[in-house]
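S.K.: Letter by letter, the chains look like this.
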Amino acid sequence: MAAELVTAVDVGMSVEAIKASQMGMKALGAGIAVGLTGIGTGIAEMGIGSAAVGAVAENKDMFGLALLFTVIPETIVIFGLVVGLLLLFL
Amino acid sequence: MVGVKNISAPYIYVCTRMRVRKAKLLPKEEYMRMLNMSLPEITRLIGETEYKQEIDELATTFKGIDLIEVALSWNLAKEYQKIQEITPGNLKQFTQAYLRRWDIQNVLTILRGKMQGVKAGKIKEILVPAGSLDANVLDRLLPEESIERIIDALKGHRMYPVLAREYPYAKESGSLSRMENELYKQFYAEILAEGEGGIKGGNLFLDFIKLDIDIKNIKTLFRLRADTFKEDARDMHIIGGALSVTNFANLNNIDDQGEFIDQLKAKIRQKLLLSLLEDMRTEKTIRDVEVRLTRVQLEQMERMSKRNPISIHPILVYLEKKKYEVFNLRALARGKESKLPSEKIAEYLVV
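Chains A and B are the protein sequences, given in the same order.
Mapping the first sequence onto the working numbering, position 72 (from 1) lands on 72, and the numbers just tick up by one.
In the working numbering, each number is its position in the second sequence, counted from 1, plus 1000.
No lab work stands behind these hints: they were computed from the structure.
Treat the hints with care, since some could be wrong.
Below, computed lysine to aspartate or glutamate pairings styled on EDC-like, alpha-carbon distance capped at 20 Å [to be verified]:
no., chain 1, residue 1, chain 2, residue 2
1, B, Lys1284, B, Asp1262
2, B, Lys1052, A, Glu58
3, B, Lys1052, B, Glu1069
4, B, Lys1078, A, Glu74
All of these numbers come straight from a predicted model, not from anything done at the bench.
This is chain B alone, in the form it adopts within the complex:
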């Protein structure tokens, strides 16, 4: 009876839909086939899958790489909005909170585009209106002439205080990286608070977020190690994961790769991550490290969703896997456009 009391029909309905959608994602073999195709062939193949509607709609307006880029962004946004519509109760709240990361990405894309003088139409092509800022709000931000006006237009949004606080520094330095760090820190702090708010299912949501934070912090540590100039690690740490700020800063100060891996392993519990870290004792390129960490993250998320089949996990796993499918297709298309060899493109794929 416990199972019956805790699991309601709408939860089962949505989780099943997510699992069916996940099963429809492109398999590894399909990517391998695409690696040997030209760009028009890839476009045609994508047009025969879940992206058919977008490719058909946009085929008259865009061509080549632009068509793929815009179709992928549209499909991703449509998919995420649809999921927000069908998720019930607490699951909706958690899904919406998780998707707020796209607000950060969209606003930063607009700001970066404006700083570099890119046309509004070109910026719009790569926006994914999946968060709380919908397509209408983003369309209102795009024609604004200056960055100050864009930030002012966001007055009242949860991102505004950080944007207003960090903009003077970004203007002075010409880089939005600190603003980006601060926005993500605020985002993670908010979703952790949401998970800890006592809502049913919050613990499972927190497990997922903490794994995300851990992987993000580990990626940052590897990036900092690969970096030639020293930066203050504390600014880049995200609170809430297995690594505290002190641990993070200490790990960043270790020069020896073996010692760094040993110290890092002492803080981590997930078996998959531990075996991956063991493999990283030998120096690897930062891209290789990031791709492998992402694969482990997805694998671990998949396991979590199997352990808790009727929870927020299957939904979040699908959101992540869909995101990486779009990233992979984009990487494939861009790689083919730039005439990169297939082996090189394959290194960028998360499958």
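Okay, chain A solo, but in the shape it has when bound:
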């Protein structure tokens, strides 16, 4: 009974529709990868950024170092972006 149902679905979709669906899934996967890593980066930067602003407010010389520390979590979103690009173009 189940085998018959699967056959029926397969028969109902053209090759173009299946390809479009797969592309859609890839796009969805890429979106989720970039979106979630973006949220992760945001959370990480919240703490580091507020501490960095606090430190710079007290000592201006810390600006360069503080900026460097603040952007370190950007790597997380870059990983997400790489995964997204791989999904879309490979």
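With the hints as your guide, set chain B onto chain A.
M.R.: Only chain B this time, still in chain A's reference frame:
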């Protein structure tokens, strides 16, 4: 996610600022250098640090020890007011509550000054307007002729009921010590109630206050032991710490130093304090005991702030450390002014 939900960006911002400020406080080596300097050299050195602005502003009006005294008081008040401005939400409430102790100190300084006939200008030099009574209110109190009028001018302030109740006794005895005890008791009762009020972070605030109360009670016990005449210990006990009134009174009645230390240790939990008390089995001078207790208190507070880096602790630790930096510099300057030997001055420093 728990950490993210509980810690907000403004808290991290303020706690970091406090830690940076704490790192800028004078290190021990600097005090050791100052011990070998003369008063003008100390003034110049202080003028190159965080106190530069105050020293520059006041240098035309004051000289010598007065310049240092006023500059330190101004800097302390400015620092405390700035902290109240930048602290957010609950932290602000706790910080303001903690800084209310300066109201007691300022009002008592004015009352004592008036009782001894000191000029208003001289009293003003040592006031630190860091609590709820700002510089304008204190300026209005200073020209008042009599103590009754000063107390009346404070009508509506939380200290007024205690001041009005205790003044007749103070007038009769000529001493404000009982009034001071009562004001501090009221202050601690109020801040304990504030910490227990169910506000987020209240527990951490309470830990800090309870440690403060414990150290204060232990200092009082040692002072009472060093005292030649007997006083009622119950009047001097502050409620809220590890020692109950009964324990406090019982401890005060123990004459043997070893037994006193054993009984006291049974009531205390902090390891640092326990090892310090062990050292105190041999009789020491009251000044030595107080300085060492203060050092332990600061050390314990520092540990608490490291355990809870994003809480009220880093702020309160900075407030305390800044206060002791000012006390140390004042002690150094006064010691040099009185031509005390460096070793003697070093005993008074809390580093």
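S.K.: Now, for every hint given, state plainly whether the structure supports it.
M.R.: Hints, one by one, checked against the model:
Between lysine 1284 of chain B and aspartate 1262 of chain B the CA atoms are separated by roughly 16 Å; this keeps the pair inside 20 Å, and the hint holds. Among the hinted pairs, lysine 1052 of chain B with glutamate 58 of chain A is consistent with the structure: their alpha-carbon atoms are about 16 Å apart, no more than 20 Å. A distance of roughly 14 Å separates the Cα atoms of lysine 1052 of chain B and glutamate 1069 of chain B; the hinted pair therefore holds under the 20 Å criterion. Restraint check for lysine 1078 of chain B and glutamate 74 of chain A: not satisfied, since their Cα atoms lie roughly 39 Å apart, outside the 20 Å limit.
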